[in-house]
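Enquirer: Sequence:
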Amino acid sequence: MQGFTRGYERLLHLVAETTVCTLELVGILIILVGSAVALVHLCANARHKHNIIVDLGKMLALSLEFKMGAEIVNTVIVRNLTELLSLAVVIALRALLSLLIHWEIKSERKNAATVEQG
1 MQGFTRGYER LLHLVAETTV CTLELVGILI ILVGSAVALV HLCANARHKH
51 NIIVDLGKML ALSLEFKMGA EIVNTVIVRN LTELLSLAVV IALRALLSLL
101 IHWEIKSERK NAATVEQG
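Note that the numbering used here has the sequence shown beginning at 1, numbered continuously upward.
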């Protein structure tokens, strides 16, 4: 029975590590694609900067969601309290960044609406 438990634990560890790496990679790819698209839009149409900022903010927020998902899956393979505490700090920082990005998107939308009306 102990051999089964070790094998199951190894499988869980492997699946968790693969999932974490995949989610992190997806988050990075979203940042790269979103930044490239924003740069192209900025070069092509610098007058509508508000829309570009909002679109880039949405991509960064989406990326952070994938990266936080990776951190949550990473909790499965945490071995000690120190790792758990550092993981909690990373999750808290990413959540704070996500809130700041959402706040920035909201304020940019308000600014864009004000500019369009005025």
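If you are wondering where the hints come from, they were derived from the structure by calculation, not from laboratory data.
Only a predicted model underlies this, so the values are computations on that prediction, with no experimental measurement involved.
We put the CB at the ideal spot given by N, CA and C, even for glycine.
Certain hints may be false.
So the derived label-pair ranges between C-beta atoms look like this [what the hints assert, rightly or not]:
1. Val76 <-> Lys106: 28 to 36 Å
2. Leu39 <-> His102: 20 to 28 Å
3. Leu99 <-> Val33: 19 to 27 Å
4. Glu104 <-> Val78: 51 to 59 Å
5. Asn51 <-> Ala95: 25 to 33 Å
6. His13 <-> Lys49: 20 to 28 Å
7. Glu104 <-> Val33: 14 to 22 Å
8. Val76 <-> Leu32: 38 to 46 Å
9. Ser107 <-> Val78: 16 to 24 Å
10. His41 <-> Ala95: 35 to 43 Å
Enquirer: That 38 to 46 Å hint for Val76 and Leu32 (C-beta), does it hold up?
Expert: With a Cβ separation near 27 Å, Val76 and Leu32 fall outside 38 to 46 Å, so the hint is violated.
Enquirer: Taking 19 to 27 Å as the stated bounds, is the beta-carbon spacing between Leu99 and Val33 within them?
Expert: holds, 23 Å
Enquirer: Between Ser107 and Val78, does the beta-carbon spacing fit 16 to 24 Å?
Expert: Violated - the Cβ-Cβ distance for Ser107 and Val78, about 36 Å, lies outside 16 to 24 Å.
Enquirer: Look at the Cβ atoms of Val76 and Lys106 and judge whether their distance stays inside 28 to 36 Å.
Expert: Distance hint for Val76, Lys106 holds at roughly 34 Å.
Enquirer: Please check whether Glu104 and Val33 have a Cβ separation lying inside 14 to 22 Å.
Expert: holds, 19 Å
Enquirer: Evaluate the given range 20 to 28 Å for the C-beta pair formed by Leu39 and His102.
Expert: Since Leu39 and His102 have Cβ atoms about 22 Å apart, the given range 20 to 28 Å holds.
Enquirer: Okay, His13 versus Lys49 on CB: inside 20 to 28 Å?
Expert: violated, 46 Å
Enquirer: Hint says 25 to 33 Å; check whether the CB-CB distance for Asn51 and Ala95 agrees.
Expert: Since Asn51 and Ala95 have Cβ atoms about 26 Å apart, the given range 25 to 33 Å holds.
Enquirer: Taking 51 to 59 Å as the hint, is the beta-carbon distance of Glu104 and Val78 inside that range?
Expert: Distance hint for Glu104, Val78 is violated at roughly 32 Å.
Enquirer: Falls inside 35 to 43 Å, the C-beta gap from His41 to Ala95?
Expert: Check failed, 28 Å falls outside 35 to 43 Å.
Against the hints set out earlier in the document, violations occur for numbers 4, 6, 8, 9 and 10.
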